[in-house]
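K.L.:
Work out the full structure, taking the sequences as your base and the hints as a guide.
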Amino acid sequence: MDITIKLFAYFRDGRFKEVASRFFDEGATPQEVITSLGIKMDDVGVIMVNHRHADPAYCLQQDDVLAVFPKIGGG
Amino acid sequence: MADKIYRVNMTDLSTSIEDVPADWMGHGGRGLTSTIVAAEVEPTCHPLGKNNKLVIAPGLLSGTTAANSGRISFGAKSPLTGTIKEANSGGTAAQMLAKLGCKAIIIEGMPEGDGWYNLHFTADGITINEETELIGKGNFAVVDAVAARLGDKHGIISIGQAGEMKMLAANLSIKDPDSHLRSGGRGGLGAVMGTKHIKFIAIDPTEAKVEIADKDAFLAANRVFTKALVDNPISQALGQYGTNVLVNIVNEAGGLPTRNFTSGQFDGHEEISGETMYDIIVEREGKPKHNCHKGCVIQCSQIYNDINKGYKTSGFEYESIWAMGADCCVDNLDQIAEADQLMDDIGIDTIETSVAMGVAMEGGVLEFGDGAEVCRILKDEVAAGSPLGRIIGCGAGSVGRAFGVTRVPVVKNQAIPAYDPRAIKGIGITYATSTQGADHTMGYTIATNLLGVGGSLDPLSKEGQVELSRNLQIATAAIDSTGMCLFIAFAALDDATCLPALVDMLNARFGIGLTADDVTNLGMSILKTEHEFNLAAGFTNKDDRLPEFFDEEPIAPHNVVWDISGEEIDTFWNF
Ligand code: SF4
Chain A
11 MDITIKLFAY
21 FRDGRFKEVA
31 SRFFDEGATP
41 QEVITSLGIK
51 MDDVGVIMVN
61 HRHADPAYCL
71 QQDDVLAVFP
81 KIGGG
Chain B
1151 MADKIYRVNM
1161 TDLSTSIEDV
1171 PADWMGHGGR
1181 GLTSTIVAAE
1191 VEPTCHPLGK
1201 NNKLVIAPGL
1211 LSGTTAANSG
1221 RISFGAKSPL
1231 TGTIKEANSG
1241 GTAAQMLAKL
1251 GCKAIIIEGM
1261 PEGDGWYNLH
1271 FTADGITINE
1281 ETELIGKGNF
1291 AVVDAVAARL
1301 GDKHGIISIG
1311 QAGEMKMLAA
1321 NLSIKDPDSH
1331 LRSGGRGGLG
1341 AVMGTKHIKF
1351 IAIDPTEAKV
1361 EIADKDAFLA
1371 ANRVFTKALV
1381 DNPISQALGQ
1391 YGTNVLVNIV
1401 NEAGGLPTRN
1411 FTSGQFDGHE
1421 EISGETMYDI
1431 IVEREGKPKH
1441 NCHKGCVIQC
1451 SQIYNDINKG
1461 YKTSGFEYES
1471 IWAMGADCCV
1481 DNLDQIAEAD
1491 QLMDDIGIDT
1501 IETSVAMGVA
1511 MEGGVLEFGD
1521 GAEVCRILKD
1531 EVAAGSPLGR
1541 IIGCGAGSVG
1551 RAFGVTRVPV
1561 VKNQAIPAYD
1571 PRAIKGIGIT
1581 YATSTQGADH
1591 TMGYTIATNL
1601 LGVGGSLDPL
1611 SKEGQVELSR
1621 NLQIATAAID
1631 STGMCLFIAF
1641 AALDDATCLP
1651 ALVDMLNARF
1661 GIGLTADDVT
1671 NLGMSILKTE
1681 HEFNLAAGFT
1691 NKDDRLPEFF
1701 DEEPIAPHNV
1711 VWDISGEEID
1721 TFWNF
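Here the protein sequences line up with chains A and B, keeping their order. Residues 11 to 85 in the working numbering are what the first sequence spells out, letter by letter. Residues 1151 to 1725 in the working numbering are what the second sequence spells out, letter by letter.
Take the hints with a grain of salt, since some may be wrong.
In silico DSSO-like pairs for lysine-lysine, Cα to Cα no more than 30 Å straight-line [as the list claims (entries may be wrong)]: (1) B:LYS1200 to A:LYS16; (2) B:LYS1444 to B:LYS1462; (3) B:LYS1678 to B:LYS1200; (4) B:LYS1678 to B:LYS1529; (5) B:LYS1200 to B:LYS1612; (6) A:LYS50 to B:LYS1154; (7) B:LYS1444 to B:LYS1365; (8) B:LYS1459 to B:LYS1437; (9) B:LYS1612 to A:LYS16; (10) B:LYS1437 to B:LYS1365; (11) A:LYS50 to B:LYS1303; (12) B:LYS1459 to B:LYS1439; (13) A:LYS27 to B:LYS1359; (14) B:LYS1365 to B:LYS1377; (15) B:LYS1692 to A:LYS16; (16) B:LYS1459 to B:LYS1287; (17) B:LYS1359 to B:LYS1303; (18) B:LYS1303 to B:LYS1462; (19) A:LYS27 to B:LYS1439; (20) A:LYS27 to B:LYS1437; (21) A:LYS50 to A:LYS16; (22) B:LYS1365 to B:LYS1459; (23) B:LYS1612 to B:LYS1692; (24) B:LYS1359 to B:LYS1459; (25) A:LYS27 to B:LYS1459; (26) B:LYS1612 to B:LYS1359; (27) B:LYS1377 to B:LYS1444; (28) A:LYS27 to A:LYS50; (29) B:LYS1439 to A:LYS50; (30) B:LYS1154 to B:LYS1439.
These stretches of chain A come out as covered by chain B in the derived footprint (C-beta under 8 Å, 3 or more residues) [as the list claims (entries may be wrong)]: (31) 18–31; (32) 68–82.
Simulated from the structure, these hints should not be mistaken for lab results. Cβ atoms here follow ideal geometry from the backbone N, Cα and C, with glycine treated the same way.
P.N.:
As structure tokens, then:
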């Protein structure tokens, strides 16, 4: 299935900002996608799928948009 | 030497130094300004009249070596909201006042004539001096003139043209260590200083130190506290990207108010994001990291240079960038930086003024996205005090009334900042119930609703939002009393060593024995003091509501409305 991946802040360094359509096997999870990019789960702050917060073990679907943020804050 | 209260009477131009009443002893920062305003200001008074008072107080730990403790609080009845108000800021003033033994400055009364004054705070007390040269000038001219008159090491609290003209969005500007400005932004407290005809307050630098009851215990606690801040990954990201790192995450969550609150996402989000800003700063040889006062170990501020690598602005915050950017549809960081710098000079709140511009765009005064016209209006209309400038300078509510716009994002007449309450419901509770009008910093539920700090709570669900906002508002009132920058909260919420170390520092500073519960109780009692002031000023629970368009207009991409009822909101005060 095809997943769009967006990375933010320093996760972009040496990787990419946004990749439309990268192929993963059915049933892939955010955690699998993230680790496949060489990002440590411990560094991940927020995962969103289609603009909603999602669990690392969420079952991704065709055409999902996965956004991965490190631990960030502000205000 | 025990700390003192410094009172300035602008009616008869006299000053006095008083002992601190026993009731005020345990207070500092916001707790102290709100306690004094509640004790001495008639809640029904006209905020621009002679009966309002401007109270200035460093935090309980300001002036010590405690990391991030240099915040200063300003309190009064707000001319913008009619409620009690506390605005706090960095800069060098808090640390200097604390070292000079100042518990608080209370400025009262109003001079009869047209003359203007400056105040000079020295080790011997405060002098009131006539001021002519700087009247009508912006804040940067004040900073330059004080440096020429007294040297560049002085602390400065000043107002620009907006404060002189008593515009309701006028702020107080505080000099930082590099002679740039920080702002006590919200609620129009610059206008209150304007009514007193005080252009600026200069504070003498000093070698004095604040007294610490138990130095060893203080040092040990500060070591633990500082480590908690420095090790925190969010602190590290704040140092790199500043608060503007939030543009992309709030946009992704569909909560970035856009085009005067008609969408939750902005097409130009990348152009104005923290990531883009970082790249521009590095490319133009600015500084991504910068602190607003000595001793800050997080350093969320930055130096943003223009295209020719010359200084443009600093303290370039997410909320300012959102307001001028997404809310006004300006996708050009340089234009936003220009507007930010102009607003700092004029001395006007970036959030209120930019949201007012968004309402003016909807009212047809200028086009959405026209950043150049925004800058022109700031220079030619607001700074000059033209009728249009005064309407905009009195905030979003003022523009809505003048131009017949009903989509006016305010609570208690104060502009709603950078997080849409329809898509991030916890923050809607904070906007509705805050004692000071819409203000995200009063109870920053974004931490838990969006950022996964202090647990996580679905931003789109109604469940648990009142409780979340209440807990955070109580904690914030206490933190705002210590002189700590609110960004210590990210470490405090997730690192078990952080808050106990903060309590230990308070105890070591004053030789007392506070517990964590005492600190929570302090937060509660501050909120109640503020709430009672507002009730006595004529506010009711019906004022704790969001504008009706939030109930009626769904916001993309989630197509959600504000759906927390008045009864549910009112349970906030059940404590
Ligand atoms: S983190 Fe930012 S706002 Fe807080 S004290 Fe440091 S520079 Fe100032």
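K.L.:
With reference to the structure, classify each hint as holding or not holding.
P.N.:
Taking the hints in turn, this is what the structure says about them:
Using a Cα cut-off of 30 Å, the hinted pair LYS1200 (chain B) and LYS16 (chain A) is violated, with the two alpha carbons roughly 56 Å apart. At roughly 22 Å between alpha-carbon atoms, LYS1444 (chain B) and LYS1462 (chain B) fall within 30 Å of each other, so this suggested pair holds. A distance of roughly 26 Å separates the Cα atoms of LYS1678 (chain B) and LYS1200 (chain B); the hinted pair therefore holds under the 30 Å criterion. Taken as a hint, the LYS1678 (chain B) and LYS1529 (chain B) pair is broken in the structure, with Cα atoms around 41 Å apart against an allowance of 30 Å.
Our distance criterion of 30 Å between C-alpha atoms is broken by LYS1200 (chain B) and LYS1612 (chain B), whose separation comes to about 44 Å. Distance hint between LYS50 (chain A) and LYS1154 (chain B) is unfulfilled; the C-alpha atoms sit about 53 Å from each other, more than 30 Å. At most 30 Å may separate the alpha-carbon atoms for a hinted pair to count; LYS1444 (chain B) and LYS1365 (chain B) meet this at roughly 20 Å. Between LYS1459 (chain B) and LYS1437 (chain B) the alpha-carbon distance is near 11 Å, which keeps this suggested pair within the 30 Å criterion.
At roughly 28 Å between alpha-carbon atoms, LYS1612 (chain B) and LYS16 (chain A) fall within 30 Å of each other, so this suggested pair holds. With a C-alpha separation of about 35 Å, the suggested pair LYS1437 (chain B) and LYS1365 (chain B) falls outside the 30 Å cut-off, and the hint is violated. Our distance criterion of 30 Å between C-alpha atoms is broken by LYS50 (chain A) and LYS1303 (chain B), whose separation comes to about 46 Å. Taking the CA atoms of LYS1459 (chain B) and LYS1439 (chain B), the gap is near 16 Å; set against the 30 Å cutoff, the hint holds.
Straight-line distance between C-alpha atoms of LYS27 (chain A) and LYS1359 (chain B) comes to about 49 Å, which puts the hinted pair past the 30 Å bound. Distance check on the hinted pair: LYS1365 (chain B) and LYS1377 (chain B) sit about 18 Å apart at the alpha-carbon level, within 30 Å; holds. Distance hint between LYS1692 (chain B) and LYS16 (chain A) is unfulfilled; the C-alpha atoms sit about 42 Å from each other, more than 30 Å. At roughly 26 Å between alpha-carbon atoms, LYS1459 (chain B) and LYS1287 (chain B) fall within 30 Å of each other, so this suggested pair holds.
A C-alpha spacing of about 16 Å is found between LYS1359 (chain B) and LYS1303 (chain B), which places the hinted pair at or below 30 Å, so the restraint holds. Our distance criterion of 30 Å between C-alpha atoms is met by LYS1303 (chain B) and LYS1462 (chain B), whose separation comes to about 22 Å. A distance of roughly 23 Å separates the Cα atoms of LYS27 (chain A) and LYS1439 (chain B); the hinted pair therefore holds under the 30 Å criterion. As the CA atoms of LYS27 (chain A) and LYS1437 (chain B) are separated by approximately 23 Å, the hinted pair is consistent with the 30 Å bound.
Proximity of LYS50 (chain A) to LYS16 (chain A) is assessed by CA-CA distance (about 16 Å); at most 30 Å being required, the pair is judged to hold. A distance of roughly 44 Å separates the Cα atoms of LYS1365 (chain B) and LYS1459 (chain B); the hinted pair therefore is violated under the 30 Å criterion. Restraint check: the Cα-Cα separation between LYS1612 (chain B) and LYS1692 (chain B) comes to about 20 Å, which is no more than 30 Å; the hinted pair holds. Among the hinted pairs, LYS1359 (chain B) with LYS1459 (chain B) is inconsistent with the structure: their alpha-carbon atoms are about 38 Å apart, more than 30 Å.
A hinted pair counts as satisfied when its Cα atoms are at most 30 Å apart, and LYS27 (chain A) with LYS1459 (chain B) qualifies at roughly 26 Å. Distance restraint check for LYS1612 (chain B) and LYS1359 (chain B): the Cα-Cα separation of roughly 49 Å exceeds the 30 Å cut-off, and the hinted pair is therefore not satisfied. Between LYS1377 (chain B) and LYS1444 (chain B), the direct Cα distance comes to roughly 17 Å. Compliance with the 30 Å bound is thereby established for this hinted pair. Taking the CA atoms of LYS27 (chain A) and LYS50 (chain A), the gap is near 17 Å; set against the 30 Å cutoff, the hint holds.
Of the pairs offered as hints, the one joining LYS1439 (chain B) and LYS50 (chain A) holds, with about 25 Å between alpha carbons and a cut-off of 30 Å not exceeded. Under the criterion of a C-alpha separation no larger than 30 Å, the hint pairing LYS1154 (chain B) with LYS1439 (chain B) is inconsistent with the structure, at around 35 Å. Only residues whose beta carbon comes within less than 8 Å of a beta carbon in chain B count, and the segment 18–31 of chain A has 5; three or more means the coverage holds. By the rule of at least three residues with a Cβ nearer than 8 Å to a Cβ of chain B, the coverage given for the segment 68–82 of chain A holds, with 5 such residues.
Hint violations for this structure: numbers 1, 4, 5, 6, 10, 11, 13, 15, 22, 24, 26, 30, all remaining hints satisfied.
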